[in-house]
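Undergrad: Line by line, the protein sequences are chains A and B.
If you want our numbering, it's the 1-based position in the first sequence plus 1.
If you want our numbering, it's the 1-based position in the second sequence plus 1.
There may be inaccurate statements among the hints.
Which copy is meant is left open, because identical chains are indistinguishable; a pair holds if it fits in one copy or across any two.
Claimed, not checked - Mimicking BS3-like on lysine-lysine, the simulated pairs with C-alpha atoms at most 27 angstroms apart in a straight line are:
(1) Lys177 <-> Lys104
(2) Lys127 <-> Lys208
(3) Lys52 <-> Lys209
(4) Lys209 <-> Lys116
(5) Lys68 <-> Lys105
(6) Lys116 <-> Lys186
(7) Lys209 <-> Lys177
(8) Lys9 <-> Lys77
These are calculated hints, taken from the structure and not from any lab test.
Protein chains: 2
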Amino acid sequence: MSDRVYGKTVNEFIAEAMSSSPTPGGGNVSAVVATLGASMVCMVANLTIGKKAYVEFEDQAKEQVAKLSEIIERLKKLTNDDMEAFDQYMAVFRMPKSTDEEKKARAEAMQAAAKNATNVPLDICKTCAEIVKEAAKLAPYGNKMAISDVGVGAMVAETALRSAMLSVDINLPSIKDQDFVAQVKAERARLFVEAEENKLLALADVKKRMG
Amino acid sequence: MSDRVYGKTVNEFIAEAMSSSPTPGGGNVSAVVATLGASMVCMVANLTIGKKAYVEFEDQAKEQVAKLSEIIERLKKLTNDDMEAFDQYMAVFRMPKSTDEEKKARAEAMQAAAKNATNVPLDICKTCAEIVKEAAKLAPYGNKMAISDVGVGAMVAETALRSAMLSVDINLPSIKDQDFVAQVKAERARLFVEAEENKLLALADVKKRMG
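Whole structure, please, built from the sequences with the hints as guidance.
TA: Here it is in structure tokens:
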């Protein structure tokens with residue numbers, strides 16, 4: 002069902018995103034932005050393979066292409082999961098709440114939906130952090146002719162992380178399970194720090210090799 | 002000819018971007034990322050129209066939708082211009098350079114191509130700064146239910162600006178016209194400062210209204 006996003010033309014996707022229809026929203030768009038960031042890092046890894054000047058990095062570049070291709074596929078699945086999590090949440094709001102039993106069932110479904118609508122964007126964030134890490138790995142050795150695109154990938158993926166995290170921030174206050182909340186908050190802080198550091202490392206190498 | 006990007010499915014565009022083919026590269030991808038950012042701001046403006054709670058902002062929201070729609074169309078054209086500027090640059094490298102006359106013609110064409118390959122991403126950057134400005138305008142009054150997506154738009158567009166500016170930074174050192182170089186550098190600094198300020202303003206309002 003990832004055709005809801007990736008099977009559309011870019012024109013169609015943008016037309017839907019800018020319209021008043023609630024999907025695609027910030028979570029999905031962040032995931033698509035992340036795939037674009039990953040694609041730039043992957044391109045530079047691809048441009049490093051089969052080149053005499055980079056023969057000593059051949060295996061490393063191939064590993065990075067494989068890893069980034071897997072990341073892109075994972076993001077496509079997460080984009081779809083994010084839309085489904087949104088649909089699930091909306092469905093819960095339409096559940097009946099006349100009897101006490103209905104109220105209880107609705108409240109429980111609401112908690113489950115809120116956790117799911119937190120976990121999916123958090124997984125998108127984790128994947129974004131992996132992209133920035135791949136960019137930091139590639140920046141010191143990737144094909145110099147296209148090295149600025151590693152910078153594009155690092156910046157775009159780090160922003161996708163910060164954007165997707167807004168979906169986490171929206172849903173977290175409605176979750177009652179405080180162990181879950183504490184875990185998410187710790188992971189949130191860790192991801193911001195890790196991605197920021199890797200972005201700065203990547204950009205430092207990119208600038209050095211551009212100049 | 003914007004079908005080279007926007008007429009493709011998102012899947013096809015990503016497959017091309019991650020491949021070793023030099024286009025689409027960082028410039029085009031930054032422009033697409035910017036359209037995604039603009040689409041999020043536009044969506045929230047659209048969600049503010051026709052709602053009782055926001056009736057006093059109706060005209061302002063409509064103006065913003067019109068402005069952002071125009072920005073998105075402009076970015077589509079700039080994406081195409083960026084690909085053409087790259088093609089033009091590559092064509093100059095293939096020009097003959099046997100005679101003095103050929104060398105002179107080639108050097109002149111190279112300077113023109115370098116200026117064009119600087120102006121187009123700079124125009125992309127200017128357009129990104131406009132998106133962030135629209136986000137800062139919308140953040141204080143846009144539909145609260147989707148206000149986090151204004152934050153997504155502001156962050157994504159500011160990063161698209163920084164990403165597209167790497168294309169400026171690559172081409173600027175090869176330009177001999179020092180007046181041109183000085184103007185671009187001044188504009189570069191101005192855009193970074195303006196977009197950063199507007200992003201922070203937008204995010205401050207978004208966080209306030211999310212909590």
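Undergrad: Indicate, hint by hint, whether the structure satisfies it.
TA: Results of checking the hints against the structure:
1. Lys177 <-> Lys104: Intra 16 angstroms, inter 73 angstroms, cutoff 27 angstroms: intra-copy only.
2. Lys127 <-> Lys208: both (26 angstroms within a copy, 22 angstroms between copies)
3. Lys52 <-> Lys209: within (21 angstroms within a copy, 51 angstroms between copies)
4. Lys209 <-> Lys116: between (43 angstroms within a copy, 23 angstroms between copies)
5. Lys68 <-> Lys105: For Lys68 and Lys105, the Cα distance exceeds 27 angstroms both inside one copy (44 angstroms) and across copies (46 angstroms).
6. Lys116 <-> Lys186: Only inside one copy: Lys116 and Lys186 sit 13 angstroms apart there, 47 angstroms across copies, limit 27 angstroms.
7. Lys209 <-> Lys177: For Lys209 and Lys177, the Cα distance is within 27 angstroms only across copies (22 angstroms; inside one copy 48 angstroms).
8. Lys9 <-> Lys77: So Lys9 and Lys77 pass the 27 angstroms test inside a copy (13 angstroms) and across (16 angstroms) alike.
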